[in-house]
Amino acid sequence: MNFSQSFRLAVKSLMTSKMRALLTMLGIIIGVAAVIVITSLGNGMQMMMNQQFESLGANLIQVSIFGRGGGSRTIQPEDMYALAEKYPQYIAGVSPYVSTQAVVRKGIDEFKRTSIYGVSEAFYDAARGQALSGETLREGRFLTYIDVERYQNVCVIGSYLEQAAFRGDALGKTLTIGGAPYTVVGVLKEQARSEEGSGDDLIFIPYGSALRANGMADASLYLFNSTGRDTASTAKGIIEARLFQTFQSSDYYFVMTSAEMMDAMNTMISTLMVVLVAIAAISLLVGGIGIMNIMLVSVTERTREIGIRKSLGAKGRDIRGQFVIEAGTTSAVGGALGIGLGILLAQAAGVLIGGMMAGQNGGGGFSAVPTVGAIAIAFGVSVAIGILFGYLPANKAAKLNPIDALRYD
Amino acid sequence: MEHLIELKDVYKIYQMGEETVHALDGVTMAVDPGEFVAIVGSSGSGKSTAMNIIGCLDVPTSGQYLLGGIDVSTMDDDQQAEIRNKMLGFIFQQYNLIPKLNVLENVELPLLYAGVSSAERRQRALASLERVGLAEKCKNLPSQLSGGQQQRVSIARALAGNPSVILADEPTGALDSRTGREVLAFLQKLNAEGDTVVLITHDNSIAVKAKRIVRLQDGKIIYDGDAHDPMAVVQPGEAGEEAPT
Ligand SMILES: Nc1ncnc2c1ncn2[C@@H]1O[C@H](COP(=O)(O)OP(=O)(O)OP(=O)(O)O)[C@@H](O)[C@H]1O
Ligand SMILES: [Mg+2]
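Protein sequences appear in the order of chains A and B. For any residue, its number in the working numbering is found by taking its place in the first sequence, counting from 1, and adding 86. For any residue, its number in the working numbering is found by taking its place in the second sequence, counting from 1, and adding 1.
Okay, chain B solo, but in the shape it has when bound (with noise of 0.2 Å):
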C-alpha cells in the first residue's frame, strides 16, 4: 500500500563552520492516511527540521521524501509551494495570521494561491470557519480575536484548501493549558472525521493525544509506535519533562 507520507533514510546536514550537525541523521518513516502522528523529543533533537522537510518548507540532505507518492525531495521552490497549497495545511504555533487582512481573507489566502474564484473562495472559507465555529467572526482583524480564537482561525485556514496533511507546531505553546486543552481535542475530532495529523511538540502530555508517537533524539529516531505504550514517554537522558496534565 502507498503511504501518504514516507521519509527514506533522509539526512539533514548542517555545516557549521570545522562542524557538521545532523539536524536529521538517516531517518525512515511513514504516516498512512487517518492517522494521528506526534513527532517528539527534546530541544534540538530534530523537530522542527523534520517539520519543515515534511512541510516541503525545505529539502533533504540525502534521502527521499514522498508525500502522496511523489517525490518532493528534488522540487524547486515553486514545485514545493504547489505542493504545499495543495496537499498541506500548517498550524504554527505563533498562529501566524497576517494582521492587516481579516478572519476571512486570511482563511482565503491557501485558495487564493490555488487559483479559486473570489466567490467560490469565500463561500469554502466560510464553510471551513464554520468547522472551528468562528463564521460570525469573519470580519474582524485578528488582534481583535483571543489567542485560542486566533488558533482556532489558523486551522480554519489550514483546512480551507481540502489538503492531505495537517502539520501542526507547537500549536498549544502559546496558549493557557485550557484553551491548548480545547485545540487538542479540536485535532482530535478532526482525525476523528478523516483527517491525517502529524502533531510536533516537546511535551509528553500533548503528544499522547495523538494515536502514535514518533521520538526523535540527534536527529535519530529512537521510539516509533502506540502512543499509549508506557515507553512512548520514557525520554532517555533528559530530565525535568512537564508532567502530563
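This is chain A alone, in the form it adopts within the complex (with noise of 0.2 Å):
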C-alpha cells in the first residue's frame, strides 16, 4: 500500500543528493561490476575453450608418451593400429602426432608461422571425411598408406597456405619444407578465416618425415578417435592397458580424453571463478555496511518525520517498511549501475583479450557476455544486501517514541 509512495520517496532522496547516493552506493557498484566482470570472463573462457574442444572433435583421446620405461620398450604405430583394429566398436582411428619445427617457403615466400605435422593415413577418415582433430578435405586428396610408408615428400596443406603462397590455385604445385621439396596433394577446408598463424595455417606431411626431420625414433603423441563421446572413456581404458602392458608402469604414458580436459578446464575456470566472486563479495559487504550507515544517518536526520507519521498512525512496520524499501531501493539502484558498469568492462576487456588471442587460437573467437542468471543473481543479491542492511536501521526508526521524535529538532 505505501510501497509506491516509499519507492518514490527512496528514488527522489537518491536524486536530491546525487554525490552522497553514489558514495553510499559505490560499495554495491564495485562488488556488483567485479561479479559481472569476472563471470562474464569465466563465461568467455569457458565458452572459448569448449568450442576448440569442439572444433578438434569431442571424440578425441591424446596418447602421450614419456619414455622407454628404462629399456627398449616402444609403442609402434602398428601396435595402435592394431587397438583400433580389435575394438572397431569403441576406437574409430589412431596416427601418430608428431609437431615438428622448419622452415616454409615457396619461391622467396617464407612462412614463419605455419604448424607442421607429421601424421599417418590413418590420421584422415575417409568414411566420416574428417581428420582426427576435426579438420575436413576441400581439394585433392589426403596422405595415403604409400605416401607414408615410403616417406613421399608428399603434404596436405590449410586454406591460409593456399591462398598466400599458391593464390588458390595449389594442388599438384611444390613448396619446400625444410628445404626438402613437397608436392601438394591436398587442400583442407578453411576453419579459421584462412588467417595466419591460424587453424589455416598448417601442413601435414607423412609423420616418418616429422620423426625424422625431429631427429627422434618413435612417436610420443598419438591422436585417437573414440567411436563417440559415451565410448571415449572405455576407449581410453582399453589404450592404457595396452601402454602398461608394454610399459609395465603407468609413468611413462598420459591418455586423456577430450571430454576430460573439457571437464578438467571448466573445474578449473569454475574454481577460479568462485574464488574471484567471493574476493569481489567483500566488496558487496563493505557496499552493505555503507548503506547500513548511510541510513543509520537517515533515520537521525528524519527522526521527526518519524514522529510525524507515526503521530498520524503509521504503525511499527509502516516505518520499517519505508526504511527498507529505501535500503533496498538504494542497493538496487547501486546493483543496477554496477551490472551497466561492469557489462561495459566485461566488453572492454573481451576485445583485449580477444585481440591478443586473436592469433593463437582455432578461430574461435573470444567475447566476454555475462549471462542473464549472473546478472539476474548480482541484481538479486544487491537488493538483499540493501534489504539486510537496511533493516536494523528501520527497526531502530520503527522503534523510535512518538513523543521523543516529535520534540526531535
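Calculated directly from the structure, the hints in this document are not laboratory data. Given the structure is predicted, the values throughout are model-derived calculations rather than measurements. Here a beta-carbon is modelled for each residue, glycine too, at the ideal position from N, C-alpha and C. Among the clues, some could well be false.
Label-pair restraints from in silico Cβ distances [what the hints assert, rightly or not]:
id : chain 1 : residue 1 : chain 2 : residue 2 : range
1  : B       : D225      : A       : A470      : 32 to 38 Å
2  : A       : V372      : B       : R179      : 54 to 60 Å
3  : A       : V97       : B       : I223      : 49 to 55 Å
4  : B       : Q189      : A       : V372      : 54 to 60 Å
Combine both chains into one complex, guided by the hints.
Right, here's the structure in full:
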C-alpha cells in the first residue's frame, strides 16, 4: 500500500543528493561490477575453450608417451593400429601426431608461423570425411599408406597457405619444408578465416618425415578417436591397458580424452571464478555496511518525520517498511549501475583479450558476455544486501518513541 | 451517556533519579462530542502530558483513559497508532509537515496509513484541502507556503481522516497574531460544523475562544467550566500572563 510512496521517496532522495547516493552505493557498484566482469570473462573463457575442444572433436583422445620404461620397450604405430582393429566398437581411428619445426618456403616467400604435423594415412577417416583433429578436405586427397610407408614428399595444406603461397591454386604445386620440396596433394577446408598462424596455417606430412626432421625414432604423441562421446572412457581404458602391458608402469604415458580435458578446463575456470567472486563479495559486504551507515544517518536526520508519521497512525511495520524499501532501492540502483559498469568493462576486457588471442586460437572468437543468470543473481543479491543491512536502521526507526521523535530537532 | 474522551483518575509519574514528578496528578475529566475545550495552564503544569495521553501518544502511569468508550490506557504501540489514525487529528505548533512531500501528499498521509486506495486518498485529501481553501496549492512543497498556509495544510491533514477529535497543541504559537486569529476562527468554524476540538495553550486570550476551559496546575485540574466565566482566566500564583487581545 505505501510501497509506491516509499519507493518514490527513496528515488527522490537519491536524486536530490546524488553525490551522497553515489558514495553510498559505491561498494555495491564496485562489487556487482566485479562479479559481472569475472563471470563474463570466465564464461567467455569457458565458451572459447569448449568451442576449441569441439572443433578438435569431442571424441579425441590424446596419448602422450614420455619414455621407454628403462629399457627397449617402445610402442610402434602398428601396436596402436592393432588396438583400433581389435576394438572397432570403441576406437574409430588412430594416428601418430608429430609436431615439427621447419622453414616453409614457396619461391621467395617464407612462412614462419606455419604449423607442421606428421601423421599417418589413418589420420584422415575417408568414411566420415574428417581428420582426427576435426579438419575436412576440400580439394585433392589426403596422405596415403604408400606416402607414409615410403616417406614420400607430399603434403596436405591449410587454406591460408593455399591463398598466401599459391593464390588459390595449389594442387600439384610444390613448396619446400626445411629445404626439401613437397608436392601439395590436398587442400583443407577453411576453418579459421584463413589467417596467418591460425588453424588454417598448417601442413600435414607423413609422420616418418617429421620424426626424421626432429631426429627421433618413435612418435611421442598419438591421436585416437573414440567411436562416440560415450565410448571415450572405455577406449581410454583399452589404450591404457595396452600401454601398461608394454611399459609395466603408468609413469611413462598419459592418456586424456577430449571430454576429460574439457571437464578439467571447465572445473578449473569455475573454481577460479568462485574464488574471484568470493573476493568480489567482500566489496558487496562493504557496500552493505555503507548502506547501513547512511541509513542510520538518515533515520537520525528524519527523526521528526518519523514522529509525524507515527502521530498520523504509522505503525512500526509501516516505518520499518519505508526504510527497508529505501535501503533496498538504494542498493538496487547501485546494483543496476554496477551491472551496467560491469557489462561495459567486461566488453572492453573481452575486446582486449580477444585481440591478444586472435593469432593463437583455432578461430573460436573470444567474447565476454555475462549470462542472464549472473545479472539476475547480481541484482537480486544487491537488493537483498540493501534489505538485510537496511533492516537494522529501519528497525531502529520503527522503535522510536513518537513523543521524543516529534520533539526532535 | 458515553463520553467521547474520558480520563478517570489519571496519573503520569516521572522518576527523575531521587525525585518523582507528578506531571498529571489524579486528573478526571470528560469531553463530549461537539465540545470545544481549551486545556490551559502555566509552563510545567502538565498540558503536554495531558495532550500526549489524550492523543494516544503515551499511556498513563495509573488510571484509565477511554476514547470513544475504548480503554486505550493499556494498548501497545501499534494499537495506539491505529487509534490515532482512526480517531484523532493532530495540529501542532510547528505544523509538522514533511518537507519532502508536497501539500497533497502530506494531507494524504493519514489516509495512506488507514489503507485507503490511492484514488480515494487523492479525492478525500483534495476535499479536505478545499475546506481550508488551499486546494490550488496542492502541488506545492510546504516550504513554498507561508506559516499560516502551512498551518492550514496541517489542519487539512488533521481533517482528512475524518477523526472524532481534533487535538491542537499551541496551534498559534508560531504565527503572528492576525494569522493566529484566523487559525482560531477556523477551529471555531470546524467546531460549529460539529467537530470536537481540544485545544492546548498557555495563553488565556486564546483559551477564551473555546467554549470550555480546563485549567491545570501542577498536574491537577483547578478549574473546569465555561470559558466565559471570569474564574476561568484567573491564574493563581502566576503573574505576567499575556493580556487578552
Ligand atoms: N519525559 C519526562 N521525563 C521527566 N519529567 C517529565 C517528562 N515530561 C514531562 N515531565 C515533567 O512533567 C511536568 C509537566 O510537563 P509538561 O511538559 O506536561 O508541561 P507543560 O504544561 O506542557 O509545560 P509547557 O507549557 O512548558 O509546555 C514538568 O514538571 C516536566 O518537567
Ligand atoms: Mg508543553
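Comparing the hints with the structure gives:
| no. | hint | result |
| --- | --- | --- |
| 1 | D225/B to A470/A: 32 to 38 Å | violated (58 Å) |
| 2 | V372/A to R179/B: 54 to 60 Å | holds (56 Å) |
| 3 | V97/A to I223/B: 49 to 55 Å | holds (54 Å) |
| 4 | Q189/B to V372/A: 54 to 60 Å | holds (59 Å) |
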